[in-house]
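Sequences are here, hints too, so could you generate the full structure?
What follows is the residue order along each chain.
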Amino acid sequence: MIFLVNGKANGEVLKLDDPLSFWGGVDPQTGEITDLRHPQGGMSVKGKVLMMPFGRGSSSGSSVIAEGIRSGSGPAGIIMMEADEIIALGAIVADEIYGKAMPIIVVEKTEYEKYSTGDQIVISEDGITFS
Amino acid sequence: MSVNLSEFDQSCLDGKEGSAAASAMRVIVRLAETMGATELLDVTSAHIDSCLYHGPAVLDFAKWLEDQGAKVKIPTTLNVSSLDLIHPDLYRGDKDWGTQARLLMDCYERMGCKPTWTCAPYQLEERPKFGEQVAWAESNAIVFANSVLGARTHRYGDFIDICAAICGRAPAAGLHLDQNRRGDILFRVDGLNDSLMDRDVFYPVLGHLLGKHAGNGIPVIQGLPEGVSEDRLKALGAAAASSGSVGMFHAVGSTPEASTTEEAFLGLDPTDVIDVTPEKIVSARNELSTVSTSRIGAVSLGTPHYSVQEIKKLFELFGSQSVDSGVNFYVSTGRDVLTEASLRGFVKPLEDAGVIFVTDTCTYITPIMESVTLPVMTDSAKWAYYAPGNLGVQVIFGAVEDCVASGVSGDLCIDNDIWLDG
Chain A
1 MIFLVNGKAN
11 GEVLKLDDPL
21 SFWGGVDPQT
31 GEITDLRHPQ
41 GGMSVKGKVL
51 MMPFGRGSSS
61 GSSVIAEGIR
71 SGSGPAGIIM
81 MEADEIIALG
91 AIVADEIYGK
101 AMPIIVVEKT
111 EYEKYSTGDQ
121 IVISEDGITF
131 S
Chain B
1 MSVNLSEFDQ
11 SCLDGKEGSA
21 AASAMRVIVR
31 LAETMGATEL
41 LDVTSAHIDS
51 CLYHGPAVLD
61 FAKWLEDQGA
71 KVKIPTTLNV
81 SSLDLIHPDL
91 YRGDKDWGTQ
101 ARLLMDCYER
111 MGCKPTWTCA
121 PYQLEERPKF
131 GEQVAWAESN
141 AIVFANSVLG
151 ARTHRYGDFI
161 DICAAICGRA
171 PAAGLHLDQN
181 RRGDILFRVD
191 GLNDSLMDRD
201 VFYPVLGHLL
211 GKHAGNGIPV
221 IQGLPEGVSE
231 DRLKALGAAA
241 ASSGSVGMFH
251 AVGSTPEAST
261 TEEAFLGLDP
271 TDVIDVTPEK
281 IVSARNELST
291 VSTSRIGAVS
301 LGTPHYSVQE
311 IKKLFELFGS
321 QSVDSGVNFY
331 VSTGRDVLTE
341 ASLRGFVKPL
351 EDAGVIFVTD
361 TCTYITPIME
371 SVTLPVMTDS
381 AKWAYYAPGN
391 LGVQVIFGAV
401 EDCVASGVSG
411 DLCIDNDIWL
421 DG
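So the protein lines, in turn, are chains A and B. Every letter in the first sequence is one number past the one before it in this note's numbering, and letter 31, counting from 1, is 31. Every letter in the second sequence is one number past the one before it in this note's numbering, and letter 307, counting from 1, is 307.
Any given hint could be a false lead.
Label-pair ranges, simulated between beta-carbon atoms [stated by the list, open to error]: (1) 116(A) - 229(B): 44 to 54 angstroms; (2) 131(A) - 278(B): 45 to 55 angstroms; (3) 1(A) - 343(B): 50 to 60 angstroms.
Straight-line C-alpha distance at most 27 angstroms; calculated DSSO-like pairs for lysine-lysine [unchecked claim]: (4) 100(A) - 212(B); (5) 212(B) - 15(A); (6) 212(B) - 109(A); (7) 212(B) - 312(B); (8) 16(B) - 73(B).
Listed below are several chain A residues computed to face chain B (Cβ distance under 7 angstroms; list not exhaustive) [to be verified]: (9) 4; (10) 28; (11) 34; (12) 56; (13) 61; (14) 81; (15) 83; (16) 85; (17) 122.
What the hints contain is simulated information worked out from the structure, not anything from laboratory work. Don't be surprised by glycine CBs; every beta carbon is placed ideally from N, CA and C.
Take a look at the structure:
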């Protein structure tokens, strides 16, 4: 388990069936998934611990992540199986300019498969636990 | 800290190069850690995607740097913004949003970036050479720089682009390094009909298919004609970077690190082999349209920004025809390309025919298009991918020939014959 960005989160899991491009895929002011082709289109990432295998799409994703953290409509944390710099950057910058840290963790497949949509989990410096 | 810093990097972090360089270097080092980089490397140019307004956070970030005295250290170009400064009346969005967008643009210009306002910086006169290390953001520009120019940039997002420009440094990781530029999935198109591969419209469709299967890998395409044009490779890469996270591809016989299939894989075996059949191509094409109706309300071309060659082709396709009165026909391009296309006599006749040129921005990222209830037609897989979510429009994907025919008549005209025998 690797923390791309350190932080704490507590929330309900939303596990995405497909990777999501934040830009063009999420409205940072509401948290709604606006990508109509995405299996979870229409659902909200706000306050959720978002799980997605890896990143996808536009490099503006960093800005949408940072804006979501600023506006409070972004996810509470993100769990992935592969590091994604575009997603990490948005969280790093929000931490630098607002002091708001949204954790991003990369985990092994076995760990990734432990959690499903609807689970309540906690992310702390010790890792992920069910709450 | 696991990143070995040079004297210069450390001096930036310590604030000896100024407060802005210290902040920028901190972001670079934090990113380098997430990428597992052991050191940083020099970059010779940057392309900034952070100049597009998405809300207060991006302006807060730019001001945070500028207030600390930030100036770019290397030649730096700017991506599209939310406004068309050449045709300001085209902007139909919220006035306050437009004001904030302009503040952001001005901020990046004051930091020393060139006001190029294009998503296709590889169409500018100065562009990176083979092997040059650069820090580019904008997914289509990244994939073009790596694949077509053979320059080296990782798949950078917003924010790091300007930080790299301020320090002239980037993480020595990812696509900057030889071993990470090796192809992994082999796509064989040998079984497809040559006449289909001779059409522009084939390339964005192939790119869409590649991105879906390759995810964040490096696809290698075997079986294309030799020397595929830059415009076609541009459309292919932009599509693959939209449906997937492709930061680089190899087209054997066309891209500079793939004179043979073996070279593209650095002598190793592919992790997977996919035979691209005519059925897969038709299915990928169909995915790019959300609807099929008889009338269209608009056409949008130029995502990524149209080149001079593409504008010339449009000029030739139009001939003496004009856009139907019920259709708005947009072409997005860079201001430099528009100037050159004007000098070559392609722009005025197209404008007289009813074509609306959009510069500095793009029709799917900012409110420019008149609201239409009828579907919008495009020749861009990237536009087809993002516009329904961004603008709430229905989209129909087709060849530029189809787009012109439909724009002229107002009725959907698609030549399906080219797809049938694959």
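Hints, verified against the model:
no.: 1; hint: 116(A) - 229(B): 44 to 54 angstroms; result: holds (47 angstroms)
no.: 2; hint: 131(A) - 278(B): 45 to 55 angstroms; result: holds (52 angstroms)
no.: 3; hint: 1(A) - 343(B): 50 to 60 angstroms; result: holds (58 angstroms)
no.: 4; hint: 100(A) - 212(B); result: violated (34 angstroms)
no.: 5; hint: 212(B) - 15(A); result: holds (19 angstroms)
no.: 6; hint: 212(B) - 109(A); result: holds (21 angstroms)
no.: 7; hint: 212(B) - 312(B); result: violated (31 angstroms)
no.: 8; hint: 16(B) - 73(B); result: holds (15 angstroms)
no.: 9; hint: 4; result: holds (4 angstroms)
no.: 10; hint: 28; result: holds (6 angstroms)
no.: 11; hint: 34; result: holds (5 angstroms)
no.: 12; hint: 56; result: holds (5 angstroms)
no.: 13; hint: 61; result: holds (6 angstroms)
no.: 14; hint: 81; result: violated (11 angstroms)
no.: 15; hint: 83; result: holds (6 angstroms)
no.: 16; hint: 85; result: holds (6 angstroms)
no.: 17; hint: 122; result: violated (22 angstroms)
The earlier numbered hints that this structure contradicts are 4, 7, 14, 17.
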